[in-house]
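Engineer: Here the protein sequences come in this chain order: A and B. Residues in the first sequence are numbered consecutively from 70, following our numbering. Residues in the second sequence are numbered consecutively from 70, following our numbering.
No wet-lab data here; the hints were simulated from the structure. Note that the structure is predicted; figures quoted are calculated from it, not measured. Among the hints, a few may not be true.
[What the hints assert, rightly or not] Derived coverage of chain B by chain A (criterion: at least 3 residues anywhere in the stretch with Cβ under 8 angstroms from a Cβ of chain A; other residues may be distant):
| # | segment |
| --- | --- |
| 1 | 186-199 |
| 2 | 216-222 |
| 3 | 256-265 |
| 4 | 320-328 |
Heads up, the beta-carbon is just placed ideally off N, CA and C, and yes, glycines get one too.
Protein chains: 2
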Amino acid sequence: MSRLHVFALEGIGEIAAGDDLASVIVQAARATDVRYSPLQDGDIVAVTSKIVSKAEGRAVAAEGRDDAIAAETVRVVASREHAGGVTRIVENRQGLVMAAAGVDASNTAEGTVLLLPEDPDASARALCAALRARTRLRLGVVITDTAGRAWREGQTDIAIGAAGVVVMDDLRGATDASGRRLDVTVAAVADEIAAAADLVKGKANGIPVAVVRGLERFVEDIGQSDARAIQRPAATDMFRLGTAEAHAEGYDEGFDAGFAEGKLAGFADGQAAGFAEGIDAGRAEGRERGDAPAVDPGTVS
Amino acid sequence: MSRLHVFALEGIGEIAAGDDLASVIVQAARATDVRYSPLQDGDIVAVTSKIVSKAEGRAVAAEGRDDAIAAETVRVVASREHAGGVTRIVENRQGLVMAAAGVDASNTAEGTVLLLPEDPDASARALCAALRARTRLRLGVVITDTAGRAWREGQTDIAIGAAGVVVMDDLRGATDASGRRLDVTVAAVADEIAAAADLVKGKANGIPVAVVRGLERFVEDIGQSDARAIQRPAATDMFRLGTAEAHAEGYDEGFDAGFAEGKLAGFADGQAAGFAEGIDAGRAEGRERGDAPAVDPGTVS
Numbered sequence: 070m071s072r073l074h075v076f077a078l079e080g081i082g083e084i085a086a087g088d089d090l091a092s093v094i095v096q097a098a099r100a101t102d103v104r105y106s107p108l109q110d111g112d113i114v115a116v117t118s119k120i121v122s123k124a125e126g127r128a129v130a131a132e133g134r135d136d137a138i139a140a141e142t143v144r145v146v147a148s149r150e151h152a153g154g155v156t157r158i159v160e161n162r163q164g165l166v167m168a169a170a171g172v173d174a175s176n177t178a179e180g181t182v183l184l185l186p187e188d189p190d191a192s193a194r195a196l197c198a199a200l201r202a203r204t205r206l207r208l209g210v211v212i213t214d215t216a217g218r219a220w221r222e223g224q225t226d227i228a229i230g231a232a233g234v235v236v237m238d239d240l241r242g243a244t245d246a247s248g249r250r251l252d253v254t255v256a257a258v259a260d261e262i263a264a265a266a267d268l269v270k271g272k273a274n275g276i277p278v279a280v281v282r283g284l285e286r287f288v289e290d291i292g293q294s295d296a297r298a299i300q301r302p303a304a305t306d307m308f309r310l311g312t313a314e315a316h317a318e319g320y321d322e323g324f325d326a327g328f329a330e331g332k333l334a335g336f337a338d339g340q341a342a343g344f345a346e347g348i349d350a351g352r353a354e355g356r357e358r359g360d361a362p363a364v365d366p367g368t369v370s
Numbered sequence: 070m071s072r073l074h075v076f077a078l079e080g081i082g083e084i085a086a087g088d089d090l091a092s093v094i095v096q097a098a099r100a101t102d103v104r105y106s107p108l109q110d111g112d113i114v115a116v117t118s119k120i121v122s123k124a125e126g127r128a129v130a131a132e133g134r135d136d137a138i139a140a141e142t143v144r145v146v147a148s149r150e151h152a153g154g155v156t157r158i159v160e161n162r163q164g165l166v167m168a169a170a171g172v173d174a175s176n177t178a179e180g181t182v183l184l185l186p187e188d189p190d191a192s193a194r195a196l197c198a199a200l201r202a203r204t205r206l207r208l209g210v211v212i213t214d215t216a217g218r219a220w221r222e223g224q225t226d227i228a229i230g231a232a233g234v235v236v237m238d239d240l241r242g243a244t245d246a247s248g249r250r251l252d253v254t255v256a257a258v259a260d261e262i263a264a265a266a267d268l269v270k271g272k273a274n275g276i277p278v279a280v281v282r283g284l285e286r287f288v289e290d291i292g293q294s295d296a297r298a299i300q301r302p303a304a305t306d307m308f309r310l311g312t313a314e315a316h317a318e319g320y321d322e323g324f325d326a327g328f329a330e331g332k333l334a335g336f337a338d339g340q341a342a343g344f345a346e347g348i349d350a351g352r353a354e355g356r357e358r359g360d361a362p363a364v365d366p367g368t369v370s
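Just chain A, same shape as in the assembly (with noise of 0.2 angstroms):
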């Protein structure tokens, strides 16, 4: 029977930087009700990204916030000024799109923002080859973050760094119960694992580590896939840019192109309504000026 157990660990502290979130997180799964304690073969290990940045040292001083936002990010993808300020969705160093390039002021040391890991895959394969050394178990370890979306509110956790685990269920020809070929389906589970994971570890309850049991199927060696494989290439991505942005982009070009054409078209008509007026204006000129060689004075009535 296909099922799954999530359940947070409890009882993990503050983290600092240089602290060993692998023992960290075994500790913490010894303490944890016994029933699903201590870890198994095939548990993954959802961890919030906010305490590898800890772990990592990646804090730096708030009032550095919108440098660091800056600096973190690679490319503008949309922004837009409301009440409160600007929400500016950006690619930022990871390849990950996201609000504020991922730069987290809550739930961090006074006067300070966290900065994403550096990279978040290589995270997750250090501490789950520190997490199978430790334990002896097969386990799997997925990073995430909160992230929000195009089209629909709210966010959603999704996993932004992964190691021994399968981050997308590639079903494509594989056939459904009617024997008929899926149509386009590659489940990007490890966003779905995530996501799971949020439920137990929630937002406002500071618990950052969840255990999902039951995914043994997707559990692998490390370093055969990882997150970062979820990431759409902008080349690829039909949402590259925001509306108003492509818009901008486009009317950009398109004024440049009118602009030439127009003045083409523009030309020929000023040209021809301005020699109607020098021509005018000429013989009118001409005919004042008009002088011996042209006009022979004998032929003059």
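Chain A is fixed; fit chain B onto it per the hints.
Structural biologist: Chain B in isolation, oriented as in the chain A frame:
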């Protein structure tokens, strides 16, 4: 302790138009492993939209698929041609932005395709009320479908209908562990529930219903919220159009504006050039034709 169980209801066979889904689900729950059954107060039943559509008789002939997609489409958001045909992301009659308007060709009866339920929230309310009446339990219902996303590869399941379930957990104003207000977090919990359920339902194994246990805090009276609330209105969506479509719209507008402005600029240039040509021609002509009225013969030397 925060804990979630997600388990599939097995033994649900093929659903036909007119079937009583509440009855089918209750029977399947009774037949499922006793450790997790029967249903309990606070359980959320996640139902694949496909079987809701089948029960509601939403199958249409497969040769009418393109017409069906066109009929379900309210607005084309983005389209792109590729080797396999055209991918069209549209807003459908349910207000959902999805490929092919949500018209489904897999796991359907031979020669048919399935439209989404006419009003998935209404379907969820009816099913939830029937399940509650039959079981005397305070259950929630989420109707799920599979959708692609901007910026990220692959698909995840989302909630397209909901009843008796909080769909958005609004944490704005809540405080974090340091007592600071959480930024802008509104967790789309109904989508996260749909994602968690997909991990046990899967796509290829024909399991259309999963039960999510442990989220009693999100179960509420029927009619208090619905999944339509998760849909971001196009007017406030920074991604209401694909990049190429918005660019093309902008280009056309820019071209028209540029053409008009270019035409004015060109006219002025053309006019000057034409005048210069005209006056030369006119002078020459005028001198040739210069006659008595213009040149007083008496003054001719």
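Engineer: None of the hints should be skipped; say for each whether it holds.
Structural biologist: Each hint, compared with the structure:
1. 186-199: The restraint on the segment 186-199 of chain B is violated, since only 0 of its residues have a Cβ under 8 angstroms from chain A and three are required.
2. 216-222: As far as the segment 216-222 of chain B goes, the hint holds, because 5 residues have Cβ atoms under 8 angstroms from chain A.
3. 256-265: holds (count 8)
4. 320-328: Holds: 9 residues of the segment 320-328 of chain B have a Cβ under 8 angstroms from chain A.
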